[in-house]
Every structure is written in C-alpha cells, then in structure tokens.
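Given the coordinates of chain A, work out where chains B and C should sit on it, guided by the hints.
Here the protein sequences line up with chains A, B and C, keeping their order. At position 91 of the first sequence (counting the first as 1) the number is 91 in our numbering, and the numbers step up by one without a gap. At position 485 of the second sequence (counting the first as 1) the number is 485 in our numbering, and the numbers step up by one without a gap. At position 400 of the third sequence (counting the first as 1) the number is 400 in our numbering, and the numbers step up by one without a gap.
Hints were generated in silico from the structure; no laboratory data involved. Any given hint might turn out to be false.
Claimed, not checked - Chain A side only, calculated, beta carbon under 10 Å to chain C, not exhaustive:
no.: 1; residue: Leu49
no.: 2; residue: Ser56
no.: 3; residue: Val57
no.: 4; residue: Arg134
no.: 5; residue: Gln135
no.: 6; residue: Leu136
no.: 7; residue: Ile142
no.: 8; residue: Ile143
no.: 9; residue: Ile146
no.: 10; residue: Thr147
no.: 11; residue: Gly148
no.: 12; residue: Gly151
no.: 13; residue: Val152
no.: 14; residue: Val153
no.: 15; residue: Leu155
No experiment lies behind these values; they were computed from the predicted model shown. Backbone N, C-alpha and C fix where the C-beta goes; we use that ideal spot for every residue, glycine too.
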Amino acid sequence: MHLNYIVLVALVLAALWTVMTRSLIRAAIGLAATSAILTIIMFRLNSPLAAVFELSVCAGLISVLFVSTISLTQPLTKEEVLAHMKERLGRFWFLPFLVVAIGLILSFIQFKFNLKLPAPEVEKDVRAVLWNLRQLDLLGQIIILITGVFGVVILFRERLRK
Amino acid sequence: MNIKILFLPILLPFLAGILCILGRKQRIFTEGISLIAAAVNLFIAFVLFGKNLNFNLPWLGFGIDVSFRLYHFSAFIILAAAGFGFLVTLYSLFFMRAKEHLGQFYAYLLISLAFINGAVLADNLVVLLFFWEGLLMSLFGMIAIGNKNAFKTATKAFVINGVTDLCMMIGIVLTAHLAGTLTISKINLPLGLGASLAFILLMIGAISKAGSMPFHSWIPDAATDAPLPFMALIPAALEKLLGIYFLARISLDMFQLTHESWLSVLLMTVGVITILLAVMMALVQKDYKRLLSYHAISQVGYMILGIGTAIPVGIIGGLFHMINHAMYKSCLFLTGGSVEKQAGTTNLEKLGGLGIKMPVTLICFVITAASISGVWPFNGFFSKELVYDAALERGLLFYLCAIAGSFFTAASFLKLGHAAFFGKASSENKQVKEAPLGMLVPMIVIAAGCIIFGVFNSLPLKHLIEPILGAKLNGHHFAGMPGNIKLIIISVIVLVAAIVNHIFGVLMKGSGLKALDYIRYAPILSGIYNKAEKRFFDPYEIGLKVVNLVSALSWKIDRGVDWVYEKFSVKTVYALSMQIRNLQNGNYSLYLGLSIVSAALVFLLFFAGL
Amino acid sequence: MSHLLILVPFCCVIILNLPIRKVMRSLAPVAAIVLSLLQVLMVLCFDCHFWQTKFGIIGTFFKFNLVADKLAILMLLCIGIVSFVTAVIGRALIKERKERFDFASLILISLSALNGIVLVRDIFSLYVFLEIAAVISFILIAFKTNILAYEGAFKYIIFSAVASIFLLCGTALLLITSGSTDFSQINASLTAQAFSPSIVLAVGLFLVGLFIKAGVVPFHWWLPDAYSEAPSPVSVYLAGIVTKAVGVYALIRVAVSVFGMHKSICAVFLLLGAITIVAGAIAAITQSDFKRMLSYSSISQVGYIILALGSGTSLGVAAACFHLFNHAIFKSLLFVNAAAVEQQTGTRDMDRVCGLSQRMPVTGLTSVLGSLSCAGIPPLAGFWSKLLIVIALLSTGHFVYAAVAVLASIITLGYFLVMQRKVFFGKISEEFINIKEAGLGIVVPEIILAAITVGVGIFFPVILNRFILPLGG
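With the rest of the complex left out, here is chain A:
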C-alpha cells in the first residue's frame, strides 16, 4: 500500500519535472522516467502485458525518438524561451477549452466497443513475459537503443567538431 503511494508521488514528481524543465533533453528524460514509473503502477494493477508495452514503447522507443530529435535541434537561450512561451500562450489559449469541450462531447457519446480483453495474467511476472513472449521485441529494443546511442554519438560528434 505504501509502495503505491510512493510510486504515485514519484509519478507526479517526474511528470512535473518533465513539464517544468526548460531543457528539452531533460524533459525527454523526465518523460522516460514517468513512463517507467507508470509501468510499475500497471504491473501492480495486474496487467503485465500493458506494463510491458508501456515500458517498451514509452520508456524505450519514444524516448529514443525524442532524444535523437532533440539532438538535432539548437538549444534556445533563456530570453528566446520566455518569448516563445509567451507567444505560445497567445496562440494556443483555446486549447484547454477545446480539450474540455471534446471531453464533454465524448462523454455523451456511448462507444460500444466489442472488446475482448485478455484475462488478467496474475501469475506471470514481468521477466517471464518479457523473455518468453516478447523475446524478439526485447531484441528489437536493444537494437533500437544502441542505434539511438550510435546516432546521438555520430551527430553530436559532428556538432562538437563544428
């Protein structure tokens, strides 16, 4: 029980850090951390498959995507960041209202999915799931991480030389 609280608090903290930090790289790392904590929550909620997907997709792939993307960008100065945030506020002030409106509309529409949810796989622990069922994906993720690192090394090295 206590663990759950700790994990939830950690999740909120990680998410807040992701949002508040001004460095994009740090934000990306924060996102990865958030995903990793979310994986723990999911696993504790008896859905190891979802946990595995969350781990591989968000913590693994998306993070690599972000990192490699950000590595291609030029970091902004503080003034630029402030100006950018102001401009963004001016441009996207309507977004919260839009989200609320869409939420309201969606809540009125009765979606009838004919879902065939897999049974909760209580007995499987995450290692077994990862190794026995998603061995290939694991390999893929290893490759992708190595590739991401490789790319960052190549591109950053070029940047440094310049």
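Frame of chain A; chains B and C shown alone:
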C-alpha cells in the same frame, strides 16, 4: 477451231507492245512490229467474226473465272477496234516519224488494243475490270508522252478515270452480291433499289470511259497535249466503242432496263446535257483538235440518249451512231493530224486556204464533217435520224435538245471548214503540200466507209447492229431511208438554218473563224464562256478545289490534334506540376494538416466501403 | 535459420564497436559488403524450408516467431542486393575513414532491422522493427550534418512520429479487439467477427500509419526532402529498399496476411494508388534537381504497387511484389546514376549539366536502361511488372484504373526523357568538358543493377512461372 484462239487477240498485241518497249531504239523494228501486229490482229478479228465461242477456266475461286465469250456483239467491236487500230498504226508510221517516245507510243497503242480486246471478250466482271483498269495504265502512258503539259493532263485523265473506275468496282461488287455470280452472261437483274444503285455505278464507269459529261474534261486537254493518233484512236474510237459496248451490255443484258424506268430518263438526261454543253463549248474553240475533241464528247450524248431511250429504235440508233462516230471522228482527227503535220499548227487563226493545197484532205474532211452534221446520204444522217425518232417517242424536250445539238454541230463544222480550208491563205501556209500517201490512205478508207455505211446502211444495220438485239426487235428492220418524213424535213431545215446562220455570221464579222462570235459574246453566254474557259465548270478542277479544301481542313484538324497533344497536354501537366510544387512549400503545419485531413478522408472512404 | 539474418548483422556491429578501433575501422565497410553479398547468395541458394529449420543452440535459445515465405525471400533478396550496392558506393563516395565506419555500421544495423521487418509475424514486433529502421533513417539522412540534411531528417522524424502514433493506436486497438498481436490470430478473429467500428478504426489507423511510412500521396510530404537532401549512398538505400520495406512491404504483408483483402481496403488502395501515381508523375516533370525528380518518380512507382494490391487478387499481389522488386532495382540504379553525376560534376541541377553521356558512357547507358525500365518499355523488367499490374486490374474490371496506370506510364516516359535530354544527351557544355567517368565503386554497381533489369526482362517467361506467380499464394 481451237478455243484457245480467244487468247490470241489479247496476247498477240500485248506481246508485240512489250517488244516495242524493249526495242525502242530501232525505229524500223518497232514500226514493223506494230504494223504487223495490228494487221494480224485485224486478220484474227476477221476470222473470229461471226463465230460463237465460250471459254471458261476456273481461276481464283469465289466465282472469279477466266471466262471469255465471243458472240456477234463482241466480235463486231473487236473487228471495229482492230480496223481502227490498223489504220491509225499505218497513219502513225508517217505522222509520228520525227517524234520522240516512238517505242512507247506503239507499245501503248498495241497494249490498249490488247486490253480492249480482253475487256470486250471478258465474260466475268473481275476479268473485265482487270482489262478495264489496264486500259487506264496505257491511257496514262499515251497522254504522258505528249508535250510538256502532257503529264499534268495525263494525271487528270488518270484521276478522273480512276475515280469512275472505283465507282465501277463498287458497282461490280454490288452486282455480284445481288446476282450471286460474276459471269456477265448469267446476270439478268430486275431494277430494284440495290440493282439501281449498282446500275448507276456501272453506268458511271461506262459513260466515263465513253467520255460523257461530267467525266469529259480531260479529253479537250489531251487533244492539245497528247500525240494526235492517240486522239484519233483512243477517245475518238476505241473508248467510245468500249464504253458504249459496256453501257449496252448493262442496259440490255445485265439489268432489265425498260423505258418505264427512271434510270432510262436519267441516261437520256445525261445524254442531252452532254450533247448541248459540249457542242456549245465546241462552237467557240479556236483550235482544230480541241474543237474536234468537244465534238467527240458531244456525240457520245447521242449514243447515250439512244441507248437510254430503252426502245429498240433508239438502241439501234445509239449503237449505229457509235460505229459511225468512231469512223468519222477518227477520220476528222486524222485530217487534223494531216493539217498539223503539213502546216505545223492546228490554231485556226493561223490556218486558212489549205483546201487548194491539200485537196484529198479537204475531201475527206468534207465527207466526214457532213457525216457528223447529219447530211444525207452519209452515215451520220441515218444513225441520228434513228436516235431522233426514239427521242421524240420518249419526249419532245429530248428531241428538241438533240436537234439543237445537231444545229450547233453543223454550225461549228461550217466554221471549222471555212477557217481551215477556205478563206485567205496566211503567209506561213504558202508552202504547204498534200500529206504523204500513207497518211491519206487511212483517211480515204474511213471516209469511204462513211459513204458506204450511209448509202448502203442496210449492210451494217442488218449484219452488225440488229443481231445484237436479236429477238427484241420483233422482226422490225431499220435499214433504208428513215420512215418518218417529218423528222427528215426538220433535220433538213436545221441544216439549212445552220448554213444561213454561217453566211449571216461571216457577213457580220467578215471571216469564217469569227462566224459564231456573236454567240460567244452574247450577253449572258459570254460570262459563262469566260468562266468555262477558265475551267470554272471543270468537275476535275472543282474536285481539286474540294480536295484542297478538305486537305487544308484536315491539316487544320491535324494541327489542332497536334496542339492538344503537344501544347495543351504538356502545358496542363506543367501547370499541375507547378501547383504541386507550390503546395510543397516547406510548411510543416500545412503538411501535417493535409495529412490529417487525408487520413480523415481515408477513414470516410473506408467506412463508406463497408 | 532465419534468426541469423537478424542476429548476425547485429552481432557484427557489436563486435565492430569493440574497443580495438584501428582494425575495426578498416574492417567495417568490408564486413557490410560481405554480409550483404552473403545474404544475396544464401537467399538465392536455399529455399523456404532451409530458413525454417532450427540452427543448433541459437535456434533453441532464441524463440523468435519468424516465417520466411516466398514473398519474404524475395524481399530478403532485394535487401541484400540494395545493401550491397549501397555499401559499395558508400565505400567509394565517403572519403573519411571514421565516417565510412559509421556508415557501414548503420548499414549493418539496418540490415538486421529490415530483415526483421520482413520476417516477423507479430504486429508489435513489426512496429518495433519499423521503428529501428526509422531511427536509422533519421541518422542516415542527417549524416552530412548540414542544415538541409537536418531539415530533411526533421521532416522525416515528424512524419515518422505521426505514423508511429497511428501504428501504435492501431496495434492497441487490434490487441484489445482480438486479444493477440500475432498475424494469424488477428486474421482469424477479424474474419470471425464482422467489421465493427473499433476494428475499422484499428485497421484504418494502421493503414494510414503505413501510408505515411510508404510516402503515399497525400502523405508523402517528407519524402522528397528526405531523399534529395540525404547523401547519395543514403538516397540509394532509402529509395531502393528502406521505405519500400518499411512502408510498402509492410502494407502488402499486413493487407494480405492480417486484414485479408477486404473490398473496402482494396477500394482505398485503388484510389490512393491512382492518386499517387498521377500526382507523383506530374510533380516529377518540373523538377530540376536530379534526385528530387527521382524522389517524385519513386512516389509514383509506389502508387503502382499500391494500385496492383488494390485489385485484390493473387495476381495483383504477385504483380505488386514483382514491381516492388523491379522498382528496388531500377530506382537504386537511377539513384546510383545521380550519385555518379553529382560526384563528377558537383551539382544535381539538371538545367546546368548537359551531354554527360559523351564523357560518362556507362552512367549514360545504364541510366537509359533504368529510365526505360521505370517507364515500362519492353523488354525491360519494368514493362512486365506494369503489364501484370494492368492485367490484374483489367481482370477484376477496374478499367479506369488500368487506363490511369497506362497513361501515367506515358508521363513517366515523358519526365525520364526530359531528364535524359537535359543530363545525358546533346552536346557537352564547356563547364564540364573535362569530367571523367565515375570510379569502379560506382560503375560496377551500375552495371550489376542494369544487368539485373535487362536479365529479368529477357528471362521473364521463366521468372514469371517459377517465382512471381507463386508469390500471390
């Protein structure tokens, strides 16, 4: 007798013609060959005359057999053609002596003879067509070896005859389809709608070959451009014989043409129009040969009128006129040749007073001119009276037109004779002598023939013409003096009127040549004549204009299509391409927006498909 | 055995990155060439059964669900050939040893990624391998590290991310509707239950994701920049095989094995295929950049493959695969030609260069062959695959689409002739009077690819019955 003798009149002149081409350098050789060939051909024609032979050899299948049929009509035509062929060859020996392309000339002459024999003998429509088209080839060649304009004229003749032969070809196909056979002697179609069409198409081929209007316009040009013996032989004699022969065959045998049929009226109309228009043109000509050539057209009108009446007296008259015309017109051309050879020109303005210098030629001219004008007792009188008789029976208008044609014919020959042989001799004509004997003999023979066929008209009528109709005559005979005295009186009045008219004209203008100028320059007629002399009414020229117009139009359409392909489509594609380029402007929001909208559309499409 | 196709290149990269740099740096390009050539030879020598056998201890240790059927074998062959060509010209064109090493390593990783895409039978694994290929593509496009290269890479990243989101959503929906991510199980459950809205949504999302990856109009926006701004060897690789395996092959595989050729899917394929063909071809006409023109041409040719797939018959699928193969060959050839031209003249602007055929005869000749094959001129390979496509369309009654395919072929010929006239024919301009033919490292791949195009075209009757028709299943 061996039936293969039927091949002789075709193969012999043909092979002789080939020899002439091969040996074109040796004048004596070619002349000898052609004279001998023409003589032998005449002999064979004599031998064949009066015999009935049928020959059939399966050839290409589909009913296309090599089949020949010799009977009195074809034998008669072959004999006549061989006679003219021999005489003209004899004449040419002297006339053509100094001319170029001698070998070619004799070759074409002999090949024409061969093809005419073949076409006349043919008893199968395809075989007939083969020889008929072959004639086109030799026609082209013969005209083309004339003076420097000749090639153009030859092309004209070729195009006109080619087009009409095409009509005939279609007619043959149609006839064969309707009759179910290609054998001429087995075809006997009633004139239904399809058969009428077939008849008209075949008729176009036949009257075009005979030189009727509106397929005539190459003949006057050929008269001035082509070698003269060609004119005397081909348009004056052989083509008339062949064309009228085929017209008679289709009217008498192949189709059941009766005088109730509208096709009969059509034929008669073509006949009288040809008579009148051509003779009107003949009136105003100032060239010996050109004037004669218009008469050659005009006289065809009488034959077509006669056959078109579709009553026995008319048909007999038409066929009799055919052989008579062949005789006097070729003789007239030969006199023209003598004048050309001796005086060096056929321009009437430069001629005059030749009668004293060339008495034999003058006599031959007078006899044949009287014959063509229908003066008793020459042959033309009798055949014309028969045609008049028939025309009057079918309708007064036809008769009046025919008799008017006769008046103008007489008037123009008075003018021609006066201008060429009488009057004052011009200075250039002082030294002119009579033509050599070799040229005189053919003229004398033919002129004598004109008298014999006139005085003893029962000879040709009973032995040559009447057997063609055979039982259709119901025992009537047309020999001797025509029965209708009123018609004779009218004809005599017309002749007298022509003479009076001539005297009147001479008195008014002071010269024989200008005797008819008052008609030439009559108020309305002068405009028409001016246009006619500029070939405004020449169907060939009109056809050329139409063809030019069509080709210009096609060119425009072609350019248009080309433009669509080359300019329009290319420009459209380029414009579209630039649009797509402009769309690709590097704006991420635009790209993403378009992608999302497209995705939504794909979803819609997907849902719609379910 | 098919495990090895993924594991060996990957292990090779690991070994090459061991800290004995000096040896490895010179070894890496050779390793890439050798491994890709080995793949070609292995694929040519052994049939499907060989690849399904287990290979000793590795086979028991790794429990991958990999299936090598005829279509996969064909793709493995394409991957081998194009990787080989890319490795060879990369070795020739990239001068610096360090860059050469990086490039070879990336080629090796991508070899294992692409082999993975071809062999997997699980949509999530498919997604993972697609993502590897995408990441490698970013790095490769940005390899030159100048601003234009970054722009191209960035565009690709943006669109790839969008595509990934679509694919992931689709995968998730498929997982919750059918309870599995395995191809055959999803297919079974899809055929068992009628197309409910959630399934339609899932299939649609998945398809749109793959459309973006394949560069189908109107999802193609990233493609021209990415292809034309990448370094020449990378252009060859991307256009020749990467986007074809990532987008088009995945589309074929998913459409055939997972979704089945439902008629509404076919309708979407037909429409988008036709739009892609026409828009790509038309856009190619006015391009003056050699590689950009080839990029649009590549879009247009992808349209043909999608269109063939849309006919929904086994012949159509066979024709699509055959055209995929042919396209991999002749488009690689054309990009190699472009690389040669850029290498020798220093420009890709087709308006500047002229009459290069006089100085670069091999490049000129092979580019004519490639162009004609692409435009579908007999007896080259492209003609036969286009013919099969048109026959497949006609036999299913899609006369309008068949007409579009044939007419667009004319535009294709049009822009290739424009290219030939501008670049290779005519009189050579003063500026380039002294240029020479490209080196052996470029000429040899050109000749090999041209020989394959001509050979496949000439021996088409043999190839048709033995290899192509069985592809449709």
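- Query: Where does the structure disagree with the numbered hints, that is, which hint numbers, in rising order?
  - Reply: none
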